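4 protein chains.
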Amino acid sequence: MADDPQLADYPVQSSDKIRFADTDRQGHVNNAVFATFLETGRVEILYDSRTPLSVEGGEFVIARLELDFRAELKWPGHVAIGTRIASIGRSSMKLSQVLFQEGRCAALAETVIVLIDRRSRRPRPLPPGEAARLRTLTGATVEP
Amino acid sequence: MADDPQLADYPVQSSDKIRFADTDRQGHVNNAVFATFLETGRVEILYDSRTPLSVEGGEFVIARLELDFRAELKWPGHVAIGTRIASIGRSSMKLSQVLFQEGRCAALAETVIVLIDRRSRRPRPLPPGEAARLRTLTGATVEP
Amino acid sequence: MADDPQLADYPVQSSDKIRFADTDRQGHVNNAVFATFLETGRVEILYDSRTPLSVEGGEFVIARLELDFRAELKWPGHVAIGTRIASIGRSSMKLSQVLFQEGRCAALAETVIVLIDRRSRRPRPLPPGEAARLRTLTGATVEP
Amino acid sequence: MADDPQLADYPVQSSDKIRFADTDRQGHVNNAVFATFLETGRVEILYDSRTPLSVEGGEFVIARLELDFRAELKWPGHVAIGTRIASIGRSSMKLSQVLFQEGRCAALAETVIVLIDRRSRRPRPLPPGEAARLRTLTGATVEP
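Protein chains in written order, with our numbering: chain S, 15 to 158; chain G, 15 to 158; chain V, 15 to 158; chain D, 15 to 158.
Source of the hints: derived by calculation from the structure; they are not laboratory data.
Take the hints with a grain of salt, since some may be wrong.
[Claimed, not checked] In silico SDA-like pairs for lysine to any residue, Cα to Cα no more than 20 Å straight-line:
id: 1; chain 1: G; residue 1: 108; chain 2: V; residue 2: 83
id: 2; chain 1: G; residue 1: 31; chain 2: D; residue 2: 115
id: 3; chain 1: G; residue 1: 31; chain 2: D; residue 2: 31
id: 4; chain 1: D; residue 1: 88; chain 2: S; residue 2: 76
id: 5; chain 1: S; residue 1: 108; chain 2: D; residue 2: 82
id: 6; chain 1: S; residue 1: 88; chain 2: D; residue 2: 76
id: 7; chain 1: S; residue 1: 31; chain 2: S; residue 2: 92
id: 8; chain 1: S; residue 1: 31; chain 2: V; residue 2: 83
id: 9; chain 1: S; residue 1: 88; chain 2: D; residue 2: 74
id: 10; chain 1: S; residue 1: 31; chain 2: V; residue 2: 127
id: 11; chain 1: S; residue 1: 31; chain 2: V; residue 2: 94
[Unchecked claim] Okay, the calculated bits of chain G under chain D, using three or more residues with CB under 8 Å as the criterion:
id: 12; segment: 17–24
id: 13; segment: 30–36
Everything numeric in this text was worked out from a predicted model, so none of it was measured.
All residues carry an ideal CB built from backbone N, CA and C; glycine is no exception.
Make a model of the complete structure from these sequences and hints.
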């Protein structure tokens, strides 16, 4: 993953407010909460209120998460979440994400999301229209 | 609520394992997690695998929670959860609960649960069979 | 508690962003997360960055929570949290709080917070300066 | 990661009880809770009550998480967590972990943990005694 990530390279920008309950006895935000912040970035693409990825009878599930912890997140404060689509497959996509607090990168992540059939729980192809919209979210850094 | 609560007075006994992530920066289990432990006791009555409270098209929701914190809960360890039905109304019931860790009472709680219609979200009467089963869970301390 | 609570009656206004992970299998925000939102309002008084309640060697802990659930909280969205000091005792205070989503009251709560000594874990008196600052947060509705 | 993982290949066995609040509106256990279950396995090595990894002034933090989701986790139930030390470096170690529910593998994970100095937050070497104890937890599958 990138050595010096910039939030501006991620076309979808979200944020979360860090909660007191996100901390653990080590005094910082618990590591599992990083995965929750990444989810915030993901779902704002998948369920975007203007143009949600709507696939009748389908559901997006996470298949793989790679998460590099670069710095601690501290309460109180906000976390800025940058997300871009890194690649799009037949029934899946890979997202690249970053977490920042006060201008400092706290984490980088890659996530694989798969579209499954709600009933059979098996992968199904991304509809062309949805794939096209996702391609608009790839961001500058992956373009030639 | 009782001054010297005994776990044995609560006919439904559950337990939860305290997780590292349940702690907060004060070093102890975060107060909101107490409500999660109480939920464990409640759902083991509502969704009991042998005799679940099954009400076609109905759903149980919490209407009120009163929670007295008596002691800190510490990680690592388990929490013992005692639950009894304190009273049964037309479409609701009141539960009395206690949380214990290593023989020490950490919390007492009273919860009001209401049966609502899944669609209208309005209260609906408890079926007689369900009310009868709930009456078996009132425990020794509330009997004359 | 008040029958028709108004957010404007609570002098300390906070907010939280509802997370996907706050929901449970009933589709709405899990009841324990309401307690987390209340904590957000509390800690913004206790740890206010401009004028934190700083009591050398002391710690604020929650002693009692009364929580009336009025409506479901739904993802996505924000929750507005109103907090006021309802009363101040020797080593404790009572907070009144409300949770709103899109102009609709979702919950009312009263919380008792106690100042304890960090080492002995026993209550200790609120310093006069801190008590005075808390009295400025009682809000219009409790004044004569 | 292994194609057909067996819980028995992981010398440190832990478990967690799945909570109602672990579920999300998709009906299954939320993905971030998988990271919490992995933490349970880790901390039972790091803070083992009989032989804790005690490093005066040091703290273990997570540097990297790779998590393959294989199946949904469902409430109610328990999750079995298998952990083994995959490799040991100068100031870090890699853990391999699996999550199982009712005999079915739900996830595989690799985690890198670093020992840091509590004050400087910089990596520091694992003491030889601690490294030696960790080597006893490598499990059958990584031995020649």
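We went through each hint and held it up to the structure:
Restraint check: the Cα-Cα separation between residue 108/G and residue 83/V comes to about 14 Å, which is no more than 20 Å; the hinted pair holds. This hinted pair checks out: residue 31/G and residue 115/D have alpha carbons roughly 16 Å apart, not beyond 20 Å. For the suggested pair residue 31/G and residue 31/D, the alpha carbons sit about 6 Å apart, so the restraint of at most 20 Å is met. A distance of roughly 15 Å separates the Cα atoms of residue 88/D and residue 76/S; the hinted pair therefore holds under the 20 Å criterion.
As the CA atoms of residue 108/S and residue 82/D are separated by approximately 14 Å, the hinted pair is consistent with the 20 Å bound. Restraint check for residue 88/S and residue 76/D: satisfied, since their Cα atoms lie roughly 15 Å apart, inside the 20 Å limit. For the proposed pair residue 31/S and residue 92/S, the alpha carbon gap of about 4 Å is at most 20 Å, so the pair holds. For a cut-off of 20 Å, the pair hint linking residue 31/S to residue 83/V is broken: about 23 Å separates their Cα positions.
Only pairs whose Cα atoms come within 20 Å are accepted, and residue 88/S paired with residue 74/D is accepted, the gap being roughly 17 Å. Between residue 31/S and residue 127/V the CA atoms are separated by roughly 23 Å; this puts the pair beyond 20 Å, and the hint is violated. Taking the CA atoms of residue 31/S and residue 94/V, the gap is near 13 Å; set against the 20 Å cutoff, the hint holds. Only when three residues or more bring their CB closer than 8 Å to a CB of chain D does the claim for the segment 17–24 of chain G stand; here the count is 0, and the claim is violated.
Counting residues of the segment 30–36 of chain G whose CB lies closer than 8 Å to any CB of chain D gives 5, so the stated coverage by that chain holds, three being the minimum.
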